Structure formats: C-alpha cells, structure tokens
Amino acid sequence: MSSIVRQAKIVDTQSEFHEKVVDIFIENGFIKAIDLKLDIAADEVIAANGCFVTPGFVDVFADYREPGFEHKETIVSGLKAAASGGFTDVFLAPNTNPVVSTKSIVEFVQQKAKGNIVALYPLGAITQDIEGKSLAEMMDMSQHGAMAFTDGWKPVQNANLFLKALEYVKSFNGILLQIPLDASLAAGGLMHEGEISTRLGMAGIPILAETVMIHRDLELVRYTGSRLHIMGVSTAAGLQMIRDAKKEGLNVTCSVTPYHLSLNDKALLTYDSVYKVSPVLRSEQDRKALIEGLKDGTIDCIASHHRPQEWDAKAKEFEYASDGMNVQEIAFQIVIDAVGNEVSLERVIDAFTIQPRKIFGLGNVSINKNEKASLTLFSLNDSFIFTENKMQSLSRNNPFITKEFKSRIVGIFNHSQTHLNQ
Amino acid sequence: MSLSVKHLLGIKEITTQDIQTIFRTADNFKQVLQRPIKKVPALRDTTIANIFFENSTRTRISFELAEKRLSADTINFSASGSSVSKGETLIDTVHNILAMKVDMVVMRHSASGAPWFLSNHIDASIINAGDGTNEHPTQALLDAFSMREKLGDLSGKRIAIIGDIMHSRVALSNIFCLQKLGAEVTVAGPPTLIPKHIESLGVKVQYDVKKALQWCDVANVLRIQLERQNKPLFSTLREYALFYGVNKQMLDSLEKEIIIMHPGPINRGVEINSDVADSKQSIILDQVENGVAIRMAVLYLLSSKAEVIE
Chain A
1 MSSIVRQAKI
11 VDTQSEFHEK
21 VVDIFIENGF
31 IKAIDLKLDI
41 AADEVIAANG
51 CFVTPGFVDV
61 FADYREPGFE
71 HKETIVSGLK
81 AAASGGFTDV
91 FLAPNTNPVV
101 STKSIVEFVQ
111 QKAKGNIVAL
121 YPLGAITQDI
131 EGKSLAEMMD
141 MSQHGAMAFT
151 DGWKPVQNAN
161 LFLKALEYVK
171 SFNGILLQIP
181 LDASLAAGGL
191 MHEGEISTRL
201 GMAGIPILAE
211 TVMIHRDLEL
221 VRYTGSRLHI
231 MGVSTAAGLQ
241 MIRDAKKEGL
251 NVTCSVTPYH
261 LSLNDKALLT
271 YDSVYKVSPV
281 LRSEQDRKAL
291 IEGLKDGTID
301 CIASHHRPQE
311 WDAKAKEFEY
321 ASDGMNVQEI
331 AFQIVIDAVG
341 NEVSLERVID
351 AFTIQPRKIF
361 GLGNVSINKN
371 EKASLTLFSL
381 NDSFIFTENK
391 MQSLSRNNPF
401 ITKEFKSRIV
411 GIFNHSQTHL
421 NQ
Chain B
1001 MSLSVKHLLG
1011 IKEITTQDIQ
1021 TIFRTADNFK
1031 QVLQRPIKKV
1041 PALRDTTIAN
1051 IFFENSTRTR
1061 ISFELAEKRL
1071 SADTINFSAS
1081 GSSVSKGETL
1091 IDTVHNILAM
1101 KVDMVVMRHS
1111 ASGAPWFLSN
1121 HIDASIINAG
1131 DGTNEHPTQA
1141 LLDAFSMREK
1151 LGDLSGKRIA
1161 IIGDIMHSRV
1171 ALSNIFCLQK
1181 LGAEVTVAGP
1191 PTLIPKHIES
1201 LGVKVQYDVK
1211 KALQWCDVAN
1221 VLRIQLERQN
1231 KPLFSTLREY
1241 ALFYGVNKQM
1251 LDSLEKEIII
1261 MHPGPINRGV
1271 EINSDVADSK
1281 QSIILDQVEN
1291 GVAIRMAVLY
1301 LLSSKAEVIE
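Each protein sequence line maps, in turn, to chains A and B.
Those letters in the first sequence? Residues 1 to 422, by the numbering used here.
Those letters in the second sequence? Residues 1001 to 1310, by the numbering used here.
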C-alpha cells in the first residue's frame, strides 16, 4: 500500500522541509520520499493543496468508557472519534469498570485497540480500584504497556499516599498525571466560585481548590524529585505556580483542555448541563491566562478530557447531571478557534505533537525521509460545520454541535493505514 | 396586561416593569381577599399542578389558596427527597402530570436551576416556588410588596438581610428584586454564611448585625436552617443567638423604628426573639397575607387567560 500527499505545507520544526509545500510519498507506513515535487505513482493520491501536514496529534487524556460504560463510548467508537479529530496517539483514562488497575485490564484495552489506525496507550490507576487507599500494581502495569499513571477524574487526596506513589514509580522512571483538585475544598461545588455562581445561586468551587492541590503536589515533587504531569489546569493562579516551578527546575509539566481555552463560566448562565465539566469552567480572566500559558510554553500539551455521556446522563437538573464533554473529534478546531490569533500555529502544533511525545517518551516523529509516517493533515481555510451526523462518538454531549469552524481535519496516516474524513 | 416572560423562573429573569405589573395586579387581588366572597372566576378551567420535591408547608398552602381563590383546579404532588432518589427523572415526572392536561406547574426543587432545565423541556408555564440555593421569586415579590405597603416607593430605601445568606434562595431573590426597585441592600451575618463574592452583586456586607440594623429601614431576618448544623459554618445556636440574633433590646437602642420581616418558619430565640417577632414593628403576618395576593397575581398574569380578558 502506498500513498502520496501532494502539495501540503509542513509544520514541523524538526523537518528539513519545515514551512515548505511538498509532496510526501508513504509506503508501508514509512515516508519513503519527500520533496517539493515528486514524480512517483501511488495507490492513493491525496490532493492537499492549501492543507498543512504535521506529525500526528497526541491526546494525553481521553475517556472511552470501556469496559463498563459501553453505552456511552467504546474503545472502537472512541478511536474513530480520535481519527476523525486528527489524533494518531491517545492516552486512555483508567476510570472504567473495572478500573485499569491491573495488568489484565491493561491487556484488555490493548487487545481492543489492536490493528487500529490510532495507537491507544492505557493509563494505569495509581491506587487500587481508584479508591485512593492503597497503591495499585503500577510496576506490573508499566511492564505490560501502561503509559503512565493517574487516578483520572478522582485525583489522589491523601498526601502521604501520593508521596509514596511518586516515590514508587521512580524505579521504572514512571510519570504520574493528576487533575489538581482538593476534594474537601471543592465539596458540594458545581461551578467556578465567582460572580456568576453567586448570581446563579450555585455552590462554587474556589480557585483555592486547584491552587492548594498544585501547591501540595509541587512540594511532593520537590521532595521526591519524581515526574508529575498536571492535567486540566484551569486557573491563572494555578498556572503561575506551575510556571514558577518550571523556572525553579522542578520535574513538572502540564496540559490544558480545549474547552478551558475556549469557554468560561458565563456558559453556565442557563444552567445547561452540557457545560458541566471537570475541572469546572473558570472565569474569562483565567481563560486568557491559559491562552498566555499555551503561548509561552508553560502549558506543554493538550488533553482533550474527552468524556462521552449518553443523553439521559445529561438531561437532568444541573446538580444531578453527569460531568464531562465529548470533544475529542473537534479538539483541534476548538483550540485553533480559541487561540488562533494569539498563539502561533507552530506552538499549537508543538503542543499537539512534539511536547507530549517528549514528555511521555513516545519516540520522536518527524516529517523526514525514512521516518515512520505518523501524520495529521488539516486545513485552516475551510468552512466546517460540526454536525451530529458527522460525529463518530456514541454520545452527543458536545456544545459545539452546529458550530461553524474555519479549520478542518482532512485525515491521518498511522500504522500503515490512512483515514480521510468525508 | 401581561409579563415579558412565559415562566417565572426567578427575579433575575424578569424586568422592573414586570414587578410593577405584578404589584398592581396584587393590589386588586388583595382587595378581592377583603370581600365577603373571596373567590374570582379568573382561572376557571385552568389546571395547576403544585409539584414539591422538597418539603414545604407555607409556600405550598399559599399557592394552593391563591389557586383556589382564582377558581383554578389544582393537584398536589409531593415527593420527599429528589426525583432522582425515586428513580424517575424530573422530565418524566412532569410529563406524566402534564399528560393529564395540566396548564401550569408550580415547582419547588432542591437543585438550583431545576426550573430552568424544566422550561427547556416542557410547554406549560412554570412558576418557581424555590430552587436550591438559587431563587424563591414569589417570596421576594411578597416581601417587596409588603415593604411597599409600609414605605411606598422603595427607591433609595435601605434593606438589611440578616442571617444565612449563603444557603438562602430568599436572600438572592430579595437582592435582585429590591435592586430592581431601586433600594439599597446590605447583607449581614457571620462570614461563613455570606458568599465570598456577594459584593459583586452590588450589595454591602456587614458582619455586625447591630450596625446593619442601625443603617436600615427594613430588616429581613432569615431562618437559620437547623439541619445545616453539622457543617462547620458556625459554632452553636447559642452563640449564634447571642451575636447574630435580633432582640428587643437591640431594636430599642436604635435611633429610629425599623420594620422587621421574616420569611418563616421562625426559630424563636435563635435568629429572632419573640419580643421582636410579635412586636408592632414586625410585619411577618402581613407578609403571609400578601403572599396569597402576590401568588394570585403571578398565576393570573402567566396564565393564557390574562391576555384574553384584557
């Protein structure tokens, strides 16, 4: 099987053709030839005039709900959503039922994703059954392919246990991921605590719930010297603490969700549960700070926090509705739409591709001759209306349905396969 | 004469003109309630469901009486606890009731925004009888209506709301309503019961109840919810009564005679002493009486009948 991508512009600082418009010849999963113009015939010709080509996107946190919640999403439907969203590599949340806290569930997940165009990497749980009480078999899971470790939507609250977890993974150079949220300070809260929550009469989650946790975790990283990835940072104050910690040289990285770059707490003015997410949507000031953080590189990468919920789970009073947003297949469009004028395309691509690979040791991918063909193809000058019938995910909890975007994912190349969006 | 809205979800969703329209209509209904025959045929053949997912005695009775005075047919549905605990969803519960050809829904619910959610899923007019810690619009309307009876135009008047502001839908609706009518609002109570960002709504904060009383024309004293005692919000009821309770001695030491209100039910000897609640300065029972007239006005104005009769 061979393909040729004709006249796409490369955005990849590691490629000798960075910012050049080229033809790329792919055969058996490798870039066999690349030049301004190639005179080679291929089984598949993709006319990519006006499109961009980059290394494949990586999503460092998505929740496919299988096993246990297959009516919301399955690994197969989730991976279709990923391909449609331009992702070639996805890290899977462990908050399933049973949770990913043993080798056998790691292997189950890998088995389900076998042969797929998208590479799926299970994240193992830090604590047994994500109960926050005792350590899970992280070493065994690591040996069998768990990418890194996290308790996902239920960050580890016990400081001593998290300290031990950070120490424990040092022997195999493991990384922990954590959503920064102190559950006692967030207890009962439904949204960002501020003017809007006061006006809506909804219990707020103070910024403090994030900053206290970040402070604690940074102290633990300082003490252990272990590696921590803070995901879903949502506040300006929390981001600044991470910025300072990085300056100090601590082993910490972080990611942001597409919706925290795009939305603020005003979205909740009509009590619409589609905007009930974790961490909560913060103020406009926080949103702007996150964009600044993406720009200056404090935010290393993007985590979609893709969390499908069926209609029934969301069609409830706000307080009782399940949280999460189903965004993976338009994560890139949301980010471009939110930061397009303020953050360079190069930096956005860096966050989607190069940084996550570096942090988690995925192996570098660059658009050069003889490299593995793991590529994403997109256009920034298009009219793309995101509609329900284009959605690959099994669920529809996405507030961007019917929104028009200027960017569009054309397709991906990975694992010797091609996926092109219709 | 009608309102700018289809539902009464909260005071924040209605205009000042709506409030004035409700007051003028309530003036008329209040007169009706003084007559030997207190019933009018305004809502004949209108069926109203009172759906209470949270316990309520006075609000439910007040609504029911208002409906009966308007000649509406009423049905009552109470579920202890939330709809979720019963396994049925809110939409299903309400659809089941509406399937029996009900025209309007009066709903109390423990979740903030529940009437908003419902309004997106059903056609009938919804009147919010209290949702979580959000709003209790008819209470705020009857409170302001009662103040207006005593003070006339509320513009520039000073109202202190005292007690548990954090968990009170009465406080929030009162703030919005009084501000729309041009009054100044101060909230007073222990810092743990005052929302951190309340000043962003344009109200003042006072931790010293005595000073708040000194400042105001009207003090609306809120109920301390005894069931919240297990949360670390204040130490003991004794200490609360000692430092935040309103007593006669306090009132007598003020330079002027202020009006005392309370939405009920009262915890005598906690947030308010009997010598205050039963004093000449208290208009607590006027509030209860006005509640019926206000609810008649709201029901009438939101019914399809209002425009037809005009």
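The hints are simulated quantities; they were obtained by calculation from the structure and are not laboratory data.
Here the structure is a predicted model, which means the values were calculated and not measured.
Just to be clear, a hint being listed does not mean it is correct.
No farther apart than 20 Å at their CA atoms in a straight line, the calculated lysine to any residue pairs in the SDA-like style are these [as the list claims (entries may be wrong)]:
1. B/K1196 - A/S184
2. A/K316 - B/D1123
3. A/K246 - A/R347
4. B/K1012 - A/K295
5. A/K316 - B/I1097
6. A/K295 - A/Q285
7. A/K316 - B/A1124
8. B/K1211 - B/P1232
9. B/K1006 - A/D272
10. B/K1012 - A/D272
11. A/K316 - B/G1087
12. B/K1280 - B/D1217
13. A/K316 - B/M1001
14. B/K1012 - A/T270
15. B/K1196 - A/A203
16. B/K1180 - A/A203
17. A/K266 - B/K1012
18. B/K1196 - A/N421
19. B/K1180 - B/V1005
20. B/K1231 - A/S283
21. B/K1196 - A/D272
22. A/K316 - B/D1217
23. A/K316 - B/H1095
24. B/K1196 - A/R347
25. A/K266 - B/L1201
26. B/K1012 - A/L269
27. B/K1196 - A/A183
28. B/K1196 - A/P206
29. A/K266 - B/G1202
30. B/K1196 - A/K295
31. B/K1030 - B/K1012
32. B/K1231 - A/S184
33. B/K1231 - A/L269
34. A/K316 - B/L1098
35. B/K1196 - A/S283
36. A/K316 - B/G1202
Which stretches of chain A does chain B cover? Using the computed rule of at least three CB atoms under 8 Å from a CB of chain B, they are [claimed, not checked]:
37. 192-204
38. 315-323
Every residue, glycine too, gets a C-beta built ideally from N, C-alpha and C.
Consistency of the hints with the structure:
{"no.": "1", "hint": "B/K1196 - A/S184", "verdict": "holds, 17 Å"}
{"no.": "2", "hint": "A/K316 - B/D1123", "verdict": "holds, 17 Å"}
{"no.": "3", "hint": "A/K246 - A/R347", "verdict": "holds, 18 Å"}
{"no.": "4", "hint": "B/K1012 - A/K295", "verdict": "violated, 38 Å"}
{"no.": "5", "hint": "A/K316 - B/I1097", "verdict": "holds, 17 Å"}
{"no.": "6", "hint": "A/K295 - A/Q285", "verdict": "holds, 15 Å"}
{"no.": "7", "hint": "A/K316 - B/A1124", "verdict": "holds, 18 Å"}
{"no.": "8", "hint": "B/K1211 - B/P1232", "verdict": "violated, 25 Å"}
{"no.": "9", "hint": "B/K1006 - A/D272", "verdict": "holds, 19 Å"}
{"no.": "10", "hint": "B/K1012 - A/D272", "verdict": "holds, 17 Å"}
{"no.": "11", "hint": "A/K316 - B/G1087", "verdict": "holds, 12 Å"}
{"no.": "12", "hint": "B/K1280 - B/D1217", "verdict": "holds, 15 Å"}
{"no.": "13", "hint": "A/K316 - B/M1001", "verdict": "violated, 34 Å"}
{"no.": "14", "hint": "B/K1012 - A/T270", "verdict": "holds, 12 Å"}
{"no.": "15", "hint": "B/K1196 - A/A203", "verdict": "holds, 11 Å"}
{"no.": "16", "hint": "B/K1180 - A/A203", "verdict": "violated, 24 Å"}
{"no.": "17", "hint": "A/K266 - B/K1012", "verdict": "holds, 15 Å"}
{"no.": "18", "hint": "B/K1196 - A/N421", "verdict": "violated, 48 Å"}
{"no.": "19", "hint": "B/K1180 - B/V1005", "verdict": "holds, 16 Å"}
{"no.": "20", "hint": "B/K1231 - A/S283", "verdict": "violated, 28 Å"}
{"no.": "21", "hint": "B/K1196 - A/D272", "verdict": "violated, 24 Å"}
{"no.": "22", "hint": "A/K316 - B/D1217", "verdict": "violated, 42 Å"}
{"no.": "23", "hint": "A/K316 - B/H1095", "verdict": "holds, 14 Å"}
{"no.": "24", "hint": "B/K1196 - A/R347", "verdict": "violated, 38 Å"}
{"no.": "25", "hint": "A/K266 - B/L1201", "verdict": "holds, 15 Å"}
{"no.": "26", "hint": "B/K1012 - A/L269", "verdict": "holds, 11 Å"}
{"no.": "27", "hint": "B/K1196 - A/A183", "verdict": "holds, 19 Å"}
{"no.": "28", "hint": "B/K1196 - A/P206", "verdict": "holds, 9 Å"}
{"no.": "29", "hint": "A/K266 - B/G1202", "verdict": "holds, 18 Å"}
{"no.": "30", "hint": "B/K1196 - A/K295", "verdict": "violated, 32 Å"}
{"no.": "31", "hint": "B/K1030 - B/K1012", "verdict": "violated, 25 Å"}
{"no.": "32", "hint": "B/K1231 - A/S184", "verdict": "holds, 12 Å"}
{"no.": "33", "hint": "B/K1231 - A/L269", "verdict": "violated, 28 Å"}
{"no.": "34", "hint": "A/K316 - B/L1098", "verdict": "holds, 18 Å"}
{"no.": "35", "hint": "B/K1196 - A/S283", "verdict": "holds, 15 Å"}
{"no.": "36", "hint": "A/K316 - B/G1202", "verdict": "violated, 32 Å"}
{"no.": "37", "hint": "192-204", "verdict": "holds (count 11)"}
{"no.": "38", "hint": "315-323", "verdict": "holds (count 6)"}
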